[in-house]
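These protein sequence lines map, in sequence, to chains H and B.
Residue numbers for the first sequence follow our numbering, beginning at 1 and rising by one.
Residue numbers for the second sequence follow our numbering, beginning at 1001 and rising by one.
The hints are simulated quantities; they were obtained by calculation from the structure and are not laboratory data.
Remember, predicted model here, so these are calculated numbers, not experimental data.
EDC-like cross-link-like pairs, simulated, lysine to aspartate or glutamate; straight-line CA separation at most 20 Å: (1) K231/H with E217/H; (2) K65/H with D10/H; (3) K1183/B with D1196/B; (4) K1183/B with D1194/B; (5) K1183/B with D131/H; (6) K1183/B with D115/H; (7) K198/H with D177/H; (8) K121/H with E110/H; (9) K1183/B with E110/H; (10) K65/H with E5/H; (11) K1183/B with D108/H; (12) K198/H with E225/H; (13) K1183/B with E74/H.
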Amino acid sequence: MALLELENVDTYYGRVHALHGITLHIDEGEIVTLIGSNGAGKTTTLRTISGLTPAAKGQVRLRGKDITHVAPDEIVRLGIGHVPEGRRIFGRLTVRDNLFLGAFTRKDREGIRRDQEHVFKLFPRVKERLDQIGGTLSGGEQQMLAIGRGLMSRPRVLLLDEPSLGLAPILVDQIFDIIRDINQEGTTILLIEQNAAKALAVANRGYVLETGRIVKEGPTSTLLESPDVQKAYLGI
Amino acid sequence: MPRAANDPSFFVQIVIYGLANGAIYALIALGYTMVYGIVELINFAHGDVFTLGGFLALPLIAAFGLREDQSTGLGVYLVLLVVALIVMLLTGSLNVLIERVAYRPLRNAPRLAPLITAVGMSFILEGLMYMWQGANNVHFPDLLPSGRISLGGSASIGAKDFIVIALAVVLVVVLTTFINNSKLGKAMRATAQDRDAAQLMGVNINRTIAATFFIGAVLAGAGGMIFGLYFNTVRFDLGFQSGLFAFTAAVFGGIGNIQGAALGGLFIGMVKAFSDAYFTSQLTDVWIFSILILVLVFRPTGLLGMRVPEK
Ligand SMILES: Nc1ncnc2c1ncn2[C@@H]1O[C@H](COP(=O)(O)OP(=O)(O)OP(=O)(O)O)[C@@H](O)[C@H]1O
Ligand SMILES: [Mg+2]
Chain H
1 MALLELENVD
11 TYYGRVHALH
21 GITLHIDEGE
31 IVTLIGSNGA
41 GKTTTLRTIS
51 GLTPAAKGQV
61 RLRGKDITHV
71 APDEIVRLGI
81 GHVPEGRRIF
91 GRLTVRDNLF
101 LGAFTRKDRE
111 GIRRDQEHVF
121 KLFPRVKERL
131 DQIGGTLSGG
141 EQQMLAIGRG
151 LMSRPRVLLL
161 DEPSLGLAPI
171 LVDQIFDIIR
181 DINQEGTTIL
191 LIEQNAAKAL
201 AVANRGYVLE
211 TGRIVKEGPT
221 STLLESPDVQ
231 KAYLGI
Chain B
1001 MPRAANDPSF
1011 FVQIVIYGLA
1021 NGAIYALIAL
1031 GYTMVYGIVE
1041 LINFAHGDVF
1051 TLGGFLALPL
1061 IAAFGLREDQ
1071 STGLGVYLVL
1081 LVVALIVMLL
1091 TGSLNVLIER
1101 VAYRPLRNAP
1111 RLAPLITAVG
1121 MSFILEGLMY
1131 MWQGANNVHF
1141 PDLLPSGRIS
1151 LGGSASIGAK
1161 DFIVIALAVV
1171 LVVVLTTFIN
1181 NSKLGKAMRA
1191 TAQDRDAAQL
1201 MGVNINRTIA
1211 ATFFIGAVLA
1221 GAGGMIFGLY
1231 FNTVRFDLGF
1241 QSGLFAFTAA
1251 VFGGIGNIQG
1261 AALGGLFIGM
1271 VKAFSDAYFT
1281 SQLTDVWIFS
1291 ILILVLVFRP
1301 TGLLGMRVPE
1311 K
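Using the sequences provided together with the hints, build the complete structure.
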């Protein structure tokens, strides 16, 4: 059974029909990537999974259990973490409080402390800035904080929405290394990226989204060889 | 001009009166600012919840057998404390109910809809209080000690002034500590800044918003009872003016900003005291609403505003 699956999902924003019959699945331990151009519906897919914009039709299932209409805060408790597009850190709170909120659903103080140490190991910068107000961090630091915060709930599945957006090239490489590390530690990942080449390099499988529909899917090796994908997303 | 402007004792007296008034405005302003901070709604019914705090205290005080001129000693304060806790619980719960039935269903509606509902809710509360207690001033028993401590010259501070100011300070300090350090407080600030992101942290925003309405009304209810104890009178439409003054205080301090609301309350209390004493109380509304307009035009983020970037 897939860890997370969407079946025939349709999602709307008011009258805007953003997703049309999306069907996809993610198995335990995988990195799956979702690529597509601007406005294709990548962010909407993640919002549908985490309950922020619930599906109007179809089903979202976690380990076979229907979570389509479960509230977002409950979905976090079920083990789905979502690092949203545009970082969305709490700009008026300290870095420390941002991390604290990341662990909002947990009560195991000792575990929280260990995970925080782990985040510091991944992102030493975040540790240096603990008492700084979130809004005063640089863009890259905010992105690190956003990912670190997302890890603090200790998710089984982590949804990452363009984690490398706006970062310097050296940082982009570092973020992809960290994504691989997080995955190797046992977290399943659904990754959205503008940088399709890098995303396809790190992922096991991928889906290509166009105007709210999945137009192609398969192992990344197959996608990398597809002329359509090469032309549209890899600039080859 | 009722009194010579160059009488220093009189000046000190007015400052104390201003602080006591301001302490009460601060208690109301905190609720405005907290609710605005989290749902961007000016809860016009908030001033009436304040009035209700005063009215609810009356039957409770009677039920506990407290009588003006007869009840003395520490027992009185203990009973007043119990009454205050019940009043706070009642006004808090009422505000949660108001949020649930009147504002939550409109949370995603255009801004104007909940605003109009809030005005309507204010009328409903005032109407109910009018039916319950009538149109005239209702006497509130004088239960606080009447002693005064001389401050030199002819100036003195009344025990009442002192108690009212001290209570407000304690409540404000407790609230800020709570909001800055507790888990719920952090959830409230997170929800105020970014509702979606807060949900992604696992924050139940309905519960958090309800808690904000509860705490705001707890302070307003306490404020209403303190008002009664200080001025010994309550009227059904008290919340209209006090509410607008407190709202001005919240805007002056920077709407959404807790410390700003407390400081704004003191400032507005001071303006009122000086206007009442050195000009005439008829002009007080003019000064205060001029301040409101000037702040909105020239510094809409208020005195303290939000000094830190959002994102
Ligand atoms: N809040 C909203 N209200 C109305 N329409 C929306 C809203 N958010 C997104 N849309 C529309 O839904 C469609 C999918 O948007 P989505 O944000 O999922 O795209 P995306 O693939 O993440 O794009 P990008 O790469 O630019 O982030 C777009 O046509 C967009 O205009
Ligand atoms: Mg997007």
